[in-house]
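Engineer: Single-letter residue listing:
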Amino acid sequence: MSHHDHDHHGHHHDLPFWRKYIFSVDHKVIGVQYAVTALLFLFVGFTLMMLIRWQLAFPGQPLPGFLSTLFGDANAPGGIILPEFYNQLGAMHGTIMIFLGVVPLSVGGFGNYVLPLQIGAPDMAFPKLNMLSYWVYFIGGVIMLFSFFVTGGAAQSGWTSYAPLAVIAQQGQTFWLIGMVFLITSSLLGSINFIVTTVQLRADGLSFFRLPFFVWAQFVTSFLLLLAFPPLETAGVLQLMDRLAHTSFFMPSGLVVSGEALAISGGGNPILWQHLFWFLAHPEVYVLILPAMGIVAEVIACNTRKPIYGYKSMIYAVVFLGFMSFIVWAHHMYLVGMSTEMSAFFQVTTMIISIPSIIILTALLLSLWGGAIRFNTPMLFAIAFLPMFGIGGLTGLPLGLAASDIHLHDTYYVIGHFHYVVAPGTIFALFAGIYHWFPKVTGRKMNEILGKVHFFFSFIFMNGVFMPMFFQGLAGVSRRLWDPTQYAHGLSTQPLNVFISFSAWGLALAQIPFILNFFGSIFAGKKVDQNPWEATTLEWSAPTPPPHGNFLTPPVVYRGPYEYSVPGQKKDFWPQAMKETN
Amino acid sequence: MSHSEAELKNQVKVYISVFVVLMFLTMVTVAVSYLHLSTLAAIAVALIIASIKAGLVACYFMHLISERTIIYAVLGLTAIFFLVLLITPVYSV
Amino acid sequence: MNNNYYGWGLPIDISTHGASVDRLIYVIHWLMLALFVGWLTYLIIVLIRFRARPGHTAAYKERHFKAPTYIEVIVALIEAALLVGFSIPAFHAYRNVVPPADQAVQVRVVAEQFAWNIHYPGADGKFGKTDPKLISRVNPIGLDPEDPAGKDDVKTVNQLHIPVGQPVIAYLSSKDVIHSFALPVMRVKQDVIPGQEVRVSFEATQTGNFEIACAQLCGLGHYRMRGFFIVDTPEVFQNWLKEKAPK
Amino acid sequence: MSAPGEIRYIDHPHPVSGVTNAKLGMWCFLASEIMLFGGFFSTYVLLRAGNPAWPTGSHLLNVPLAALNTVILITSSVTMVMAWYSLAIKSLPKFKMYLGLTILLAFAFLVVKGFEYGMKFEHHIYPAKNTFYAIYFTMTGLHGLHVVGGIVANLYYLFPGSKMWETNPEQFTGRIECAGLYWHFVDLVWIFLFPVLYLL
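Protein chains in written order, with our numbering: chain X, 364 to 945; chain F, 67 to 159; chain U, 22 to 268; chain S, 219 to 418.
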């Protein structure tokens with residue numbers, strides 16, 4: 364931290380270490396806390412997946428080397444992953460990646476750090492609430508991780524936790540539910556903070572149509588979190604009641620498990636869980652993708668040196684997308700036996716929601732036209748996001764149409780589809796964001812060569828992992844199978860599984876340059892001034908790293924967010940907060 | 067919120083009248099429940115009365131009757147999704 | 022098990038309705054491919070043509086493109102056409118068009134962790150009454166021994182036999198958790214929800230030995246919840262039924 | 219113009235939105251609460267629609283006690299709004315009296331609720347008995363937790379929190395307005411719970 368000698372910051376320097384860096388109320392410290400914690404969780408989630416990949420490539424064979432004894436006889440006797448353990452790995456991979464990794468990084472990390480800076484605010488509207496959000500998230504994460512060590516292990520009913528399976532599951536599921544209640548509460552507090560901050564604390568002159576697209580994306584995301592998460596909290600409470608108080612919200616009458624009639628009243632409905640779950644979990648998909656689109660828009664505008672194409676239509680599209688995302692959820696449930704009228708309705712809404720996605724993607728692609736494109740690491744990740752998200756979006760079409768969904772539902776096609784959206788899509792955007800804003804946070808740039816090595820190998824291996832899944836899915840291989848070779852169609856596609864697994868382990872190796880780069884650059888990266896990318900948005904008008912309170916004088920905004928290469932200017936960027944010409 | 071003196075004095079009268087109406091409606095809804103109406107009629111009457119009561123609380127105690135656009139916008143959006151959540155599941159089971 | 026049935030793409034289709042599903046899958050993949058190749062070509066051209074280099078500056082003024090708007094409208098129209106022309110009718114036919122019960126082979130499929138109990142009505146064409154309370158190890162579907170209609174019922178585990186060229190109505194239910202009844206070669210998949218009975222109908226066009234798969238995570242044995250799905254000629258099927266009938 | 223590093227619109231409304239940060243935040247929170255209870259009401263509708271033998275609440279539950287609780291909660295809403303009004307006319311003692319009354323009424327509500335639960339438990343009626351009791355206990359229990367939360371917040375404003383009146387009366391009045399919004403919302407939920415669970 365560089366020291367700025369300003370009277371009004373004086374009180375901050377007096378704070379003890381634990382108030383300044385651990386229980387801090389500064390949005391930047393909280394943002395970094397979120398980002399680092401989320402990166403660790405991404406690493407954990409990725410590790411779980413690599414174990415899954417071993418079992419899928421070599422079903423029933425003992426894990427290699429020291430791994431064979433690491434997980435104990437309860438999980439992997441003789442190094443052979445048991446189906447129970449496999450299901451834990453699967454459920455927790457999904458939960459950790461979504462709720463503890465990607466969302467906390469994109470919303471908690473980038474949102475917290477960048478949004479107040481981009482709107483010229485000194486902090487979030489409710490700093491203490493912000494701190495509380497982080498710590499509630501942290502506790503939720505600890506509960507989730509702890510559940511691996513309770514009797515019976517962690518939750519093993521999938522990240523979707525469908526009842527009745529989840530209700531009759533071992534106690535790991537209870538920890539999962541309690542962990543989820545914490546994570547949901549954290550998200551709710553965070554989203555309130557984001558909404559109020561965006562509405563109330565924008566700098567003078569920063570009207571809504573001068574906001575960077577990233578802020579818009581976060582703003583819409585916050586509404587999704589605010590209104591879609593509570594029904595999942597409801598569902599979580601109901602499932603906890605079913606598990607602990609033996610009620611029957613999700614349990615119909617006459618259940619017989621392993622030959623024993625369940626001693627419950629019955630009268631519930633398992634579909635209810637799916638409705639409440641997907642009412643959140645579909646908007647959640649957009650929570651995963653919108654901030655990523657925001658990051659990509661920032662990086663592309665900055666590195667093409669020209670304004671974003673169709674800025675306003677992108678904003679209308681993102682608002683419409685957010686709205687529509689609340690009324691498409693049942694397309695995850697075409698095959699539960701709902702009426703064809705209802706499925707027709709949800710097919711129509713699903714096709715409608717594809718239009719704004721295409722508009723945003725098209726606008727980002729057209730933004731490249733006429734630019735002077737700089738191929739630095741953040742830009743490479745942002746460019747790669749476009750076709751990768753494109754594949755993810757397009758493969759949603761056959762899943763969104765009920766007739767083709769008959770064959771593809773719950774197969775590897777689904778896994779390929781949403782991973783293309785989230786892994787080479789969102790996670791690439793998050794990498795772009797890390798490389799892009801790292802200099803603002805630390806005052807140093809990350810190494811370009813290591814960054815490019817990281818990018819190219821990640822790009823190759825990402826596709827190596829997810830592209831074959833479409834062929835497995837078309838072949839009809841079901842998800843979540845401990846040993847797909849039990850089936851003839853699984854046997855015929857098994858070579859693909861081996862290929863995917865090696866790609867996944869290659870992807871892990873490709874992250875080594877990133878990890879070296881990340882930690883190395885904190886100490887040895889090239890020192891930069893406050894605006895190394897020559898960008899226009901407000902965060903680059905603040906000192907680097909920004910002091911407590913962010914700006915030396917409250918910024919005033921004079922123009923839109925992407926005024927690059929404006930004719931008549933000496934330089935090819937014209938910052939939002941600059942009154943005179945540049 | 068800032069109010070002039072006269073406005074504030076008037077407020078108390080409003081609160082008291084709303085209180086009286088709420089008490090009256092509570093009595094009505096309990097009384098109606100002893101009438102043994104058909105299920106549908108009973109539901110309709112009870113929900114209409116509850117909605118009126120809720121409306122009074124929201125409008126006068128929570129001052130929604132003279133609130134800002136931003137609050138209406140947030141609540142309008144919430145109301146739409148609330149109805150979607152309330153109605154859709156029962157039709158698709 | 023004949024491995025020519027399966028490859029790295031759609032498995033063979035032996036159903037009467039599957040062609041409509043496959044057609045949609047193919048059409049939509051062609052559309053996806055066309056769009057993707059278009060984007061990618063554009064992307065590569067743009068990245069080369071507009072790379073930063075000495076003497077090249079970015080253009081501030083937004084060039085207005087008409088083509089993307091047209092493409093978006095066309096894509097939207099194609100989506101609407103797929104929806105109205107393919108998906109909604111095909112799904113409607115799959116879910117709602119059921120052959121008359123007296124002309125179809127009727128079968129109950131009762132899923133449990135981790136097996137498919139198959140229940141045929143037997144010679145009288147009537148299923149015996151069942152009750153979850155009667156379920157035991159020897160009576161996995163809880164068939165009422167008092168009910169005369171159930172005396173001749175045929176029960177198997179993981180053995181679904183059907184005749185070729187004859188419509189089949191399957192009534193799916195579950196004893197414990199949600200399963201999903203999948204016949205990949207028939208393009209049939211239907212979630213099996215405990216507490217409900219869901220009906221699905223299909224007709225096979227060729228004989229052979231295939232599989233029933235479980236498509237919904239149902240516990241630690243999900244991977245081995247595999248059944249045999251055997252399509253026979255009507256004669257062989259009838260003989261098999263007689264053979265399996267309780268004596 | 220505020221000093222750099224200072225968060226604006228804590229005690230006075232934003233010129234465009236017309237509200238303070240806290241008020242917008244509280245309404246957003248209430249919006250999420252509406253969706254939370256929306257999930258429960260949706261559950262109720264779905265389970266009831268799926269069960270032709272759904273019991274009539276008034277045959278199983280104690281309507282007079284619930285009606286008493288309705289009266290108590292509505293009265294507490296009035297005292298709550300009067301507490302805010304007392305601050306608006308700059309009278310801290312009146313505020314303390316009305317807020318104290320609100321807290322007492324909230325306790326009374328919980329005591330009545332406790333009797334109601336106790337009577338059920340005496341007859342060995344627990345949430346697991348059937349889905350009607352399951353939803354009755356879950357929804358009233360969650361509502362009860364909201365009442366407890368309101369008591370905790372109001373106790374804070376009655377004792378340690380009221381010091382702010384000396385330093386920043388506008389902000390304190392704003393806080394009480396928000397506490398009031400929350401409290402009225404708790405009342406509002408009960409207004410629906412009462413007929414839905416007890417009368418129909």
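FYI, nobody ran anything at the bench for these hints, they're computed from the structure.
Every residue gets a Cβ at the ideal spot worked out from N, C-alpha and C, and that includes glycine.
Treat the hints loosely; a few may be bogus.
Claimed, not checked - A few chain X residues that face chain U, going by a derived Cβ cut-off under 10 Å, partial list only: (1) Phe511; (2) Ala566; (3) Gly568; (4) Ser570; (5) Leu603; (6) Arg606; (7) Ala608; (8) His609; (9) Tyr672; (10) Leu724; (11) Leu764; (12) Asp768; (13) Phe834; (14) Arg843; (15) Asp846; (16) Tyr850.
As the list claims (entries may be wrong) - Here are the simulated DSS-like pairs of lysine-lysine, each with C-alpha atoms no more than 30 Å apart in a straight line: (17) Lys172(U) <-> Lys82(U); (18) Lys347(S) <-> Lys150(U); (19) Lys347(S) <-> Lys79(F); (20) Lys79(F) <-> Lys312(S).
Engineer: For each hint, tell me whether it holds in the structure or not.
Structural biologist: Outcome of the hint check:
no. : hint                    : in the structure
1   : Phe511                  : 16 Å, violated
2   : Ala566                  : 24 Å, violated
3   : Gly568                  : 21 Å, violated
4   : Ser570                  : 20 Å, violated
5   : Leu603                  : 18 Å, violated
6   : Arg606                  : 14 Å, violated
7   : Ala608                  : 20 Å, violated
8   : His609                  : 16 Å, violated
9   : Tyr672                  : 6 Å, holds
10  : Leu724                  : 8 Å, holds
11  : Leu764                  : 4 Å, holds
12  : Asp768                  : 8 Å, holds
13  : Phe834                  : 4 Å, holds
14  : Arg843                  : 4 Å, holds
15  : Asp846                  : 5 Å, holds
16  : Tyr850                  : 6 Å, holds
17  : Lys172(U) <-> Lys82(U)  : 83 Å, violated
18  : Lys347(S) <-> Lys150(U) : 28 Å, holds
19  : Lys347(S) <-> Lys79(F)  : 47 Å, violated
20  : Lys79(F) <-> Lys312(S)  : 17 Å, holds
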